[in-house]
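Going down the list, the protein sequences come from chains V, D and Y. First residue of the first sequence: 0, per numbering that gives the first Met the number 0; consecutive thereafter. First residue of the second sequence: 0, per numbering that gives the first Met the number 0; consecutive thereafter. First residue of the third sequence: 0, per numbering that gives the first Met the number 0; consecutive thereafter.
In short, the hints are calculated from the structure, not lab data. Predicted model, so just to flag it, every value in this text is computed and none were measured. Ideal Cβ positions, reconstructed from N, Cα and C, are used throughout, including at glycine. Check the hints yourself; a few may be wrong.
As the list claims (entries may be wrong) - Sample of chain V residues facing chain Y (criterion: CB under 8 Å; computed from the structure):
{"hint": "1", "residue": "244"}
{"hint": "2", "residue": "247"}
{"hint": "3", "residue": "253"}
{"hint": "4", "residue": "258"}
{"hint": "5", "residue": "260"}
{"hint": "6", "residue": "272"}
To be verified - Have a look at the derived ranges for each label pair, beta carbon to beta carbon:
{"hint": "7", "chain 1": "D", "residue 1": "124", "chain 2": "Y", "residue 2": "59", "range": "41 to 47 Å"}
{"hint": "8", "chain 1": "Y", "residue 1": "40", "chain 2": "D", "residue 2": "28", "range": "25 to 31 Å"}
{"hint": "9", "chain 1": "V", "residue 1": "51", "chain 2": "D", "residue 2": "81", "range": "52 to 58 Å"}
{"hint": "10", "chain 1": "D", "residue 1": "120", "chain 2": "Y", "residue 2": "138", "range": "30 to 36 Å"}
{"hint": "11", "chain 1": "D", "residue 1": "80", "chain 2": "V", "residue 2": "41", "range": "55 to 61 Å"}
{"hint": "12", "chain 1": "D", "residue 1": "124", "chain 2": "Y", "residue 2": "149", "range": "35 to 41 Å"}
{"hint": "13", "chain 1": "V", "residue 1": "247", "chain 2": "Y", "residue 2": "30", "range": "35 to 41 Å"}
{"hint": "14", "chain 1": "V", "residue 1": "216", "chain 2": "D", "residue 2": "81", "range": "46 to 52 Å"}
{"hint": "15", "chain 1": "V", "residue 1": "166", "chain 2": "Y", "residue 2": "15", "range": "24 to 30 Å"}
{"hint": "16", "chain 1": "Y", "residue 1": "98", "chain 2": "D", "residue 2": "120", "range": "37 to 43 Å"}
{"hint": "17", "chain 1": "V", "residue 1": "155", "chain 2": "Y", "residue 2": "108", "range": "45 to 51 Å"}
{"hint": "18", "chain 1": "D", "residue 1": "80", "chain 2": "V", "residue 2": "267", "range": "53 to 59 Å"}
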Amino acid sequence: MTLLGESVGGGLPPQQVGAQGAQREVSAPGGLGRYAVRRILTGFGTLLFVIVFNFVLFRLLPGDPIGMMTRGKDVDQQQLAELRRQFNAPLPEQFWSYIRNPFSSNLVSLQSGESVWSVIGDSFWPTMLLLGVSTIASASIGIWLGIHSAWGRGGKFDQITTGSTLTLYSMPEFWLGMLLLIFMSTGVGPFPGFFPSGGISSPGDDLGMVAGWLDLAWHLFLPALTLTLVYLAEYSLVMRSSLIDEMEQDYLKTARAKGLRDKLVRRRHAVPNALLPTITLVFLNVGFVVSGAITVETVFSWPGLGYLTYTAIQGPDNQLLQALFLLFAFAVIVANVIADLIVATVDPRVRA
Amino acid sequence: MSADVEVPVEASRTPKQLARLRRRRSRARYWSEFRRHRSGIIGLLILGFFVAIALVAPLIYPENPADPSAIINAEGESMAPPTAGYPLGTTQTGQSVLTLLVWGARVSLFVGLLATIISMTLGSLIGIGSGHYGNWFGAALERLTDWFLVIPFLPLAIVLATVAREIDWLGDSLITIVVVIGITSWPGTARLVRAQTMSVKARPYLERARVLGGGNWHQMTRHILPNVAPLILANTTLTVAIAILSETTLSFLGLGPQNRVSWGSMLDDAFGTGAISLGAWWYLIPPGLCVVLVVLAFTLIGRALEGVLSPQMRER
Amino acid sequence: MTLLQLEDLSVTYSTDEGPVPAVRGVTLTLDAGTTLGVAGESGCGKSTLASTILRLTPASATVTGRVFLEGEDVLGMSFGRLRAVRWGQASIIFQGALHSLNPVQRIGKQIAEPILLHDKTASPRNVDSRVAHLLDQVGLPRRLAQAYPHQVSGGQKQRVMIAMAMGCGPRLIIADEPTTALDVMVQAQVLDLLKGIVKDIGLGLMIISHDLSVLGTACDRVAVMYAGRVVEQGPARQVFEDPVHPYTRALSGAFPTIGDPAARYAPRGLAGDPPFPGDLPSGCPFHPRCSDSIDACSTVDVGLRPAGHWRTAACVLVPEAER
Numbered sequence: 000m001t002l003l004g005e006s007v008g009g010g011l012p013p014q015q016v017g018a019q020g021a022q023r024e025v026s027a028p029g030g031l032g033r034y035a036v037r038r039i040l041t042g043f044g045t046l047l048f049v050i051v052f053n054f055v056l057f058r059l060l061p062g063d064p065i066g067m068m069t070r071g072k073d074v075d076q077q078q079l080a081e082l083r084r085q086f087n088a089p090l091p092e093q094f095w096s097y098i099r100n101p102f103s104s105n106l107v108s109l110q111s112g113e114s115v116w117s118v119i120g121d122s123f124w125p126t127m128l129l130l131g132v133s134t135i136a137s138a139s140i141g142i143w144l145g146i147h148s149a150w151g152r153g154g155k156f157d158q159i160t161t162g163s164t165l166t167l168y169s170m171p172e173f174w175l176g177m178l179l180l181i182f183m184s185t186g187v188g189p190f191p192g193f194f195p196s197g198g199i200s201s202p203g204d205d206l207g208m209v210a211g212w213l214d215l216a217w218h219l220f221l222p223a224l225t226l227t228l229v230y231l232a233e234y235s236l237v238m239r240s241s242l243i244d245e246m247e248q249d250y251l252k253t254a255r256a257k258g259l260r261d262k263l264v265r266r267r268h269a270v271p272n273a274l275l276p277t278i279t280l281v282f283l284n285v286g287f288v289v290s291g292a293i294t295v296e297t298v299f300s301w302p303g304l305g306y307l308t309y310t311a312i313q314g315p316d317n318q319l320l321q322a323l324f325l326l327f328a329f330a331v332i333v334a335n336v337i338a339d340l341i342v343a344t345v346d347p348r349v350r351a
Numbered sequence: 000m001s002a003d004v005e006v007p008v009e010a011s012r013t014p015k016q017l018a019r020l021r022r023r024r025s026r027a028r029y030w031s032e033f034r035r036h037r038s039g040i041i042g043l044l045i046l047g048f049f050v051a052i053a054l055v056a057p058l059i060y061p062e063n064p065a066d067p068s069a070i071i072n073a074e075g076e077s078m079a080p081p082t083a084g085y086p087l088g089t090t091q092t093g094q095s096v097l098t099l100l101v102w103g104a105r106v107s108l109f110v111g112l113l114a115t116i117i118s119m120t121l122g123s124l125i126g127i128g129s130g131h132y133g134n135w136f137g138a139a140l141e142r143l144t145d146w147f148l149v150i151p152f153l154p155l156a157i158v159l160a161t162v163a164r165e166i167d168w169l170g171d172s173l174i175t176i177v178v179v180i181g182i183t184s185w186p187g188t189a190r191l192v193r194a195q196t197m198s199v200k201a202r203p204y205l206e207r208a209r210v211l212g213g214g215n216w217h218q219m220t221r222h223i224l225p226n227v228a229p230l231i232l233a234n235t236t237l238t239v240a241i242a243i244l245s246e247t248t249l250s251f252l253g254l255g256p257q258n259r260v261s262w263g264s265m266l267d268d269a270f271g272t273g274a275i276s277l278g279a280w281w282y283l284i285p286p287g288l289c290v291v292l293v294v295l296a297f298t299l300i301g302r303a304l305e306g307v308l309s310p311q312m313r314e315r
Numbered sequence: 000m001t002l003l004q005l006e007d008l009s010v011t012y013s014t015d016e017g018p019v020p021a022v023r024g025v026t027l028t029l030d031a032g033t034t035l036g037v038a039g040e041s042g043c044g045k046s047t048l049a050s051t052i053l054r055l056t057p058a059s060a061t062v063t064g065r066v067f068l069e070g071e072d073v074l075g076m077s078f079g080r081l082r083a084v085r086w087g088q089a090s091i092i093f094q095g096a097l098h099s100l101n102p103v104q105r106i107g108k109q110i111a112e113p114i115l116l117h118d119k120t121a122s123p124r125n126v127d128s129r130v131a132h133l134l135d136q137v138g139l140p141r142r143l144a145q146a147y148p149h150q151v152s153g154g155q156k157q158r159v160m161i162a163m164a165m166g167c168g169p170r171l172i173i174a175d176e177p178t179t180a181l182d183v184m185v186q187a188q189v190l191d192l193l194k195g196i197v198k199d200i201g202l203g204l205m206i207i208s209h210d211l212s213v214l215g216t217a218c219d220r221v222a223v224m225y226a227g228r229v230v231e232q233g234p235a236r237q238v239f240e241d242p243v244h245p246y247t248r249a250l251s252g253a254f255p256t257i258g259d260p261a262a263r264y265a266p267r268g269l270a271g272d273p274p275f276p277g278d279l280p281s282g283c284p285f286h287p288r289c290s291d292s293i294d295a296c297s298t299v300d301v302g303l304r305p306a307g308h309w310r311t312a313a314c315v316l317v318p319e320a321e322r
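Produce the entire structure from the sequences given, and follow the hints as far as they go.
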């Protein structure tokens, strides 16, 4: 793959090195199972590192977290004393109790006073909905664009597509969201405003089933469009470069010499082989996706995990931030492990 | 191809002079190759334009728009569309959007470049180190790189920035944001550099150098570094692009440098003061557009560099 | 019957640096049941020649001249007819079999693919036996049909390519460097296999190689190419043992004869490199490297002249009238 696919700076995903590591390891018989176990263990190791890192980082904070946590609430003296004891306990003891259960409900959100994890739970499904729709749409459209621009390389379609996707890729996603809002919600000049300016549902009484779903879709449209546009740029560029690399392979010449039509050569041989890096990209991209979700949900006031993060920053609600960070890191680690396992499973060169 | 440049063999030239001559000629060759990529040239022009603007900003608009006095003394109407006197309209404080835009260029570019320097330096050092040392040290560095690589960028940056702000680390939040971005972006470079280092290490002349008595330092600086440098260079341009996007995002979330105008902070202000619902497109479009142009410029330059350098980087 | 006829075939690539003529006016014939060898160093245009026969050159290449396959004009065919001809009448084994197979498809499936495409009677059910039969013919175990390309050795891969090439019963097989990158023992096996196929089935075989010694023994006739032109043609054995053109002499001399003491102590190579096709010397393109060149060589580019029984050579030094 080209450098563009490989260079990372937090925004772009890491890729082929993981796949190649998989290739090296799995060549032995029974290798897939062993590789899977190893990979999952490595994932746990990384998770442990993140938990420790999280702990260290937040213990650096000064201030009186107990006071902040319990301000304005009824807490009896015993509980207060217990909490203080916990927080003033020697670091190793704190560390141990944290490690034992990082998901404990002892972590309390400053704003609502509830356990951070219940707050997070409430915000979970809007984010899943938004990301799910955007990922499916952007992956399918992006892959299609990539295939067609690679196959007609240098032509008009390719030039237009590559130019647009490069531009989309250079955009801050929240800016794109704001543009869409101002043109399609508020309406400026010749553009009529049609979509809502934010939120997940219109205020008012229960709208009934069909109307309720339509209302949801109406609110979902703009934020989903924003994320879709931003993500598809990357999928398109990666698919294109992956297919171009594949198209230079010799076996395609053989396929053509056999009398296959161009379309068949593409569909049966080139695309399936070029598809694998792009599919794994969907999973490796989760880190990028998370960042997009945070800013776009903020712009659209979409009540998901991203928006929650934004309000946590405003607080600042450190307990909540800590928990969110852990959650995001966890999601990315799991996604990476899945990506490696997919490569190991699908590529026969890597199977037993 | 018989287009090789003949190096005249003159007994009177020292090895150092020969090396310098060869380097100069190869640089000229790189430049002429780069020139063929039109997109790269466009990128350079765009970038040059913005750098020029950033540099002359204080000359055109002497007053820093982030100064409290500038805000108080602003004469324009609040959130007014473009007019002759205010070509890009005004902000919520009545200041000219154009002024903020021009001054914002300084911060955005500065943060982007400085953060990249940190990231590239750190990333290259760790990358070369983990690629070169095969022992526990190298393995440890590799582990470290992989761990950091997995942590999603924005949440990490948010957490670091929040913590840094609360403990008032490094005082001036401009440096803080630079360090935060630098710290979160090094793993990508490190991973890339490590892969290239290992492929260079496998080449025969490096083994020869080792056998001839070249120590670790000698190997790393004399052999590995020159072969890895082109890769680092191409990667740098892409890293700057990402750094600028990161600064914009962090500023938008309110974690950017305080008391300074950047393109991201302009978007944050615009968002926060309801520019969207007011339809104040003149406030929203320009800062984002500038970011897009600068990022595109760096991306185009990076791709052109790739095109120039890849044949050299692959093994013959 | 003339199976393959190339008439004044020229292929020019258009590149950023200008047009590059890879093949310049090549005329060759090949009869059924015979083997023609095409020899030359890298860059002489022989691979391009092979690709041109089935119109597999890239779009940037301009092809002039005529190619007749069993009397049909290949270059003028419609696409539909061309696709039927590809593999059905003529198949090609590409250089570097290591990468010519799809790495993620099973071998059997790849061999079956053209059969299913070209033969209306074939179906996924009955094609397996045909694949097995083909593997038998090339001396490979039948179970290899279930294997992936990376699981078999280089020599086996080459045989797979041969089996695949025979799948649709072609009249002509073009083998581009079939023995390169193979061990000597395996080379011999592959060549024997090819010779056997020609004898048994009576198809025409064109072998392209830089190894003149291989062609000398495996082929009936040999054409030597240099800088896009044929510089010598004739019966294979004679061209190898008694070359006329100075280039052929140097090429055949570069391969030492085992058992000949003189060859042991005087390795005879040829200084210099073949010219870049876009930058040919004036007159005879070989003259800068030729040990026999005279003044006329730098100005006159001579065509093929008769130089013996069924032989031609393109050299000024070959007397015009000799027959």
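The hints, checked one at a time:
1. 244: Nearest chain Y Cβ about 13 Å off; hint violated.
2. 247: Hint violated; residue 247 (chain V) Cβ to chain Y Cβ min 10 Å, cut 8 Å.
3. 253: Check passed: Cβ of residue 253 (chain V) comes within 5 Å of chain Y, closer than 8 Å.
4. 258: holds (4 Å)
5. 260: holds (7 Å)
6. 272: holds (6 Å)
7. D:124 with Y:59: 41 to 47 Å: holds (45 Å)
8. Y:40 with D:28: 25 to 31 Å: For residue 28 (chain D) against residue 40 (chain Y), whose Cβ atoms are near 28 Å apart, the range 25 to 31 Å holds.
9. V:51 with D:81: 52 to 58 Å: With Cβ atoms ~53 Å apart, the hint holds.
10. D:120 with Y:138: 30 to 36 Å: violated (60 Å)
11. D:80 with V:41: 55 to 61 Å: holds (56 Å)
12. D:124 with Y:149: 35 to 41 Å: Holds, at about 37 Å.
13. V:247 with Y:30: 35 to 41 Å: Given a distance of about 36 Å, which is inside 35 to 41 Å, the answer is holds.
14. V:216 with D:81: 46 to 52 Å: violated (36 Å)
15. V:166 with Y:15: 24 to 30 Å: holds (27 Å)
16. Y:98 with D:120: 37 to 43 Å: Cβ of residue 98 (chain Y) to Cβ of residue 120 (chain D): about 40 Å, so the range 37 to 43 Å holds.
17. V:155 with Y:108: 45 to 51 Å: violated (36 Å)
18. D:80 with V:267: 53 to 59 Å: holds (57 Å)
Of the numbered hints listed earlier, those contradicted by the structure are 1, 2, 10, 14 and 17.
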